[in-house]
Amino acid sequence: MKYWLALFLALQLAASSFAGEAAPLAEDPVVEQRLIAISEEMRCLVCQNESLAGSRADLALDLRREIRGLIKAGKTDAEIMDFMVSRYGDFVRYRPPVKPTTWLLWFGPFLLLLGAGVILVRMVRRSQRGDAPKVLDAAQREKAQSLLKDPELPS
Amino acid sequence: MIPELGHFSLILALFVALALGVLSVAGGQQGRGDWMALARPGAQALWLLTAFSFGCLIYAFYTNDFSVAYVAEHSNSKLPGIYRIAGVWGGHEGSLLLWLMMLSSWMLAVSIFSRQLPDAMVSRVLGILGLVAVGFLLFMLVTSNPFLRLSEIPADGRDLNPLLQDPGLVIHPPMLYMGYVGMAVPFAFAIAALLNGRLDAAWARWSRPWATAAWIFLTLGIALGSWWAYYELGWGGWWFWDPVENASFLPWLVGTALIHSLAVTEKRGLFRNWTIVLAITAFSLSLLGTFLVRSGVLTSVHAFASDPRRGVFILLFLSVVVGGSLTLFALRASKVRSGGAFALVSRETLLLVNNVLLATAAATVLLGTLYPLIVDALNLGKLSVGPPYFNSVFVPIMVPVLLFMVIGSYARWKNDSVAELAKKLRPVAILSVLLGCGATLLAGAWSTLVALALTLVFWIVLGSLLQIYRQFKDTVNWRSTPLSFWGMHVAHIGIAVCVVGITMVKGYETEKDVRMAVGDTVLVGGYTFRLTGIHEAAGPNYNADVGDVELSRDGRVLRTLHLEKRTYFSSTMPMTEAAIDTNLVRDVYVSLGERLEGGANPAWAMRVYHKPFVVWIWGGCLLMALGGTMAALDRRYRRRAAASAGAVAAKGAVA
Amino acid sequence: MKKTLIPLGLFVVLVVFLAIGLTRDPHEIPSPLIGKAAPAFTAPRLHEPGQTFSAKDMLGQVWLLNTWASWCVACRQEHPILVAFAKTRTLPIIGLDYKDQEADGLKWLARLGDPYDLSVTDKDGRIGIDYGVYGVPESFLIDKAGVIRYKQIGPVTEEALRDKILPLVRELQK
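For the record, the sequence lines run as chains A, B and C. So the first sequence is numbered by our numbering: it starts at 1353 and just counts up by one. So the second sequence is numbered by our numbering: it starts at 145 and just counts up by one. So the third sequence is numbered by our numbering: it starts at 25 and just counts up by one.
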């Protein structure tokens, strides 16, 4: 009897050790967090409209593996970005860098907003200058009265 | 035989459109009744010819006529029936025919629902739309004929792209194109107004329901596209700032500005030039989008196979249409001062602020979308502009829009005072901040951005509710409140709902990337997921690995989700069909990745997501569309006979 | 009149850019490695697995590094051109068998011809990453000092060979 009980318990333990909490794909969650953060800032060069973090292309898997290695080797985010840019060019940056060729891109919206504000102010000011309401003369006033009294016109 | 008939029908349509375009516009300009009388029947004839041609292409597709090159390229004998119909618009040529179908449908609608417009106006509008149709028909017949035959008939077709074999294909493109193309109608109204020199409030009242209708379809089309990407692509994203997505978003932003600008022109006769420019810009952006998608100039997952020859044609067409319109505008724009004055603090100013902000947002998105092209054209290298850029610049511009939205709906026309507005809105403001911050703390970790967003959400909702309450209290008979009042509030609340979805998902979604063997569990967002089995299944034109995942919470099993990884016979790329459980407050989303181990105890990579409130994103869009529908159906648009602009404005109606 | 011309003016500028854009290919990403030293590598040879080959072995010669793979469809397009070019013995061509199984690579070369002086294998793709390879086939022209002077993205075509590669090779070999 004890033998069967022991076997039963052993089997239970064995079974639960097979079906347990699923292991995260990554070995080290801290490293994975950094990997996701860094690779979200990069473009997948194969599917060109996905970030490196989400892409399932072969090259993306390889590059993520490389970056994982670099993170474990203690490289900083800037160094890792440099690693990628020196091999693939600025194109790999999902967020365009701020340099003279991209000043228009980064400061443009702000300038547009300023310009829009200026137009706004001028339009409002212009509507307030002059333009006093016209005074109707007697004939016009009579016409206006008759129109207003006209039962045919929708009210 | 049928494809030839379809082709012939298009050629006939070209001549009809040409006649319609030339005679109707000329008739309107010269006041010739006999030519103007051709407008409505002409539009209806064009619709019949286009519909027949469209029917022929559907027939060729459905009956697997692989002698037609387009069918052989995009269809397959094993393709399920519904996709043999929807697949018609899965490729470049067919989608152009859909474009044309939508254009002629809008023309048909204008020809029917325009009894209260003067004939000269209708004639010009239909004529201009006819000329646009000429451009598209020429484009199709010269460069993109869907009815071309193959000399060697293949045994079977190359099949529709597996990503498109989904119910989303049945509804998203038609809905989106309805909106995209619909912007041509307010465009035509604007050009007609420039042509006849009559830029008054009556013109605005006639154009407004059409602009709103196009806007509604565009809203729904974009929402459907976003939702489709979410459940179809397998990694839970719903907006990627992809050039083609931006191409549809730009006319939406400008369209929103347009319907609000039309409000001012309708009520007060102001902002006429601004409204005309917006109407021209909205449709121009639609045409620009068509160019971007089909010319190969930008990289995009949506891009059709590109051909520089097509790109040149569209660019020429774009130049003629938009260049011509803007030249006409420069020549004929209203030089007469509109005469109405308005104070610095007034509804006019606030609507102007709204328009300016929306136009700036659109310009910003356009800048980001075209920047890689600009940099490359100037030989400054290759650059890529991705979501991090768009998110950084778009959000700060939209925040003031949400803020001013409420103030604008409270402000009086012509003149209001800061003190009075503050008095009405102060309690709303205070309550919004309290509730917004409170909700943030309830939802999870504190985040200033989330708090800001939720404060704005409460600001909008409470602002609308208070106005509705005051409408009940202050008006003698609230039942006579125009439908457009209710529409406005429903639409504004819709925006708030959408913002809730976006904020909560971005702020609080969680995901886990795990390796699962049969029997393994993973815990995400308070839910337990257990892989109970993996088996193989076969579909009509694919093989699949199907995973069964049991979803439970607090020990109670809720349901079993079925995930698939399909390999279509026609393609080497495997397709993921994610399993999603949706309810009002969250989605749980599971998708199957690669098989990590085979054999007796297989293990798969799986991604599990918990996305709070994500369905509110599209729910909000539905509310927006509902609000727009209510506004467009307002009785004043259906009234017969043109009252003078003065009589309408004198009513001093509510928004 | 002046202010109403602004929208038209902006539009004209836009059309000019779009027209120029039609002449460009957005998929082509130029290499940042042009003008820089070719990344060093030592890799096992495909035909003699026990032996290795290093990039620095080629110093003093102008040579072409061509990435290929047995699973690559576009490589079949350029292969006959490379085979014909190799017969002219203009310069050494080294093959980089990218992310491939040796057996498959050998079979592929046996079937379609071998234009390479030798091929090395890059099974995990690391060498490819160092060279910024994102889509096979890609080819690099490297000069006597070991500096990359030209990168061909995609298959080597007759035009590219005639108009870009050969003139540069002649110049570099002087």
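Keep in mind that the hints were calculated from the coordinates and are not lab data. Treat each hint with caution, since some may be false.
[What the hints assert, rightly or not] Computed cross-link-like contacts, EDC-like style, restricted to lysine to aspartate or glutamate with a CA-CA straight-line distance of at most 20 Å: (1) B:Lys-526 to A:Asp-1434; (2) B:Lys-656 to A:Glu-1392; (3) B:Lys-656 to B:Glu-564; (4) C:Lys-175 to A:Asp-1442; (5) C:Lys-175 to C:Asp-187.
[To be verified] Derived CB-CB ranges, DEER-like: (6) B:Pro-452 to C:Gly-137: 55 to 61 Å; (7) C:Ser-78 to A:Lys-1427: 22 to 28 Å; (8) B:Leu-593 to C:Val-97: 44 to 50 Å; (9) C:Gln-197 to B:Thr-471: 56 to 62 Å.
C-beta: ideal position from N, C-alpha, C; glycine also.
C:Gln-197 and B:Thr-471, beta-carbon distance inside 56 to 62 Å? holds, 57 Å
Is it true that B:Leu-593 and C:Val-97 lie within 44 to 50 Å of each other by Cβ? With a Cβ separation near 46 Å, B:Leu-593 and C:Val-97 satisfy 44 to 50 Å, so the hint holds.
Check whether the Cα positions of B:Lys-526 and A:Asp-1434 lie no farther apart than 20 Å. Within the cut-off at roughly 17 Å; holds.
Is 22 to 28 Å a correct range for the gap between the Cβ atoms of C:Ser-78 and A:Lys-1427? Holds, since C:Ser-78 and A:Lys-1427 (Cβ atoms, about 25 Å apart) stay within the stated range.
For the pair we were handed, C:Lys-175 and A:Asp-1442, check the Cα-Cα distance against 20 Å. Measuring from Cα to Cα gives roughly 17 Å; hence the hint holds.
Given pair status - C:Asp-187, C:Lys-175, alpha carbons within 20 Å: holds, 14 Å
Take the C-beta atom of B:Pro-452 and the C-beta atom of C:Gly-137, compute their distance, and say whether it sits inside 55 to 61 Å. This hint is violated: roughly 34 Å between Cβ atoms.
Under the criterion that the straight-line Cα-Cα distance not exceed 20 Å, is the pair B:Lys-656, B:Glu-564 satisfied? Given that 20 Å is the threshold and the Cα spacing comes to 52 Å, the pair is violated.
Given hint A:Glu-1392 paired with B:Lys-656 - CA-CA distance at most 20 Å: holds, 16 Å
Violated hints, listed in ascending order, are 3 and 6; each of the other numbered hints is respected by the structure.
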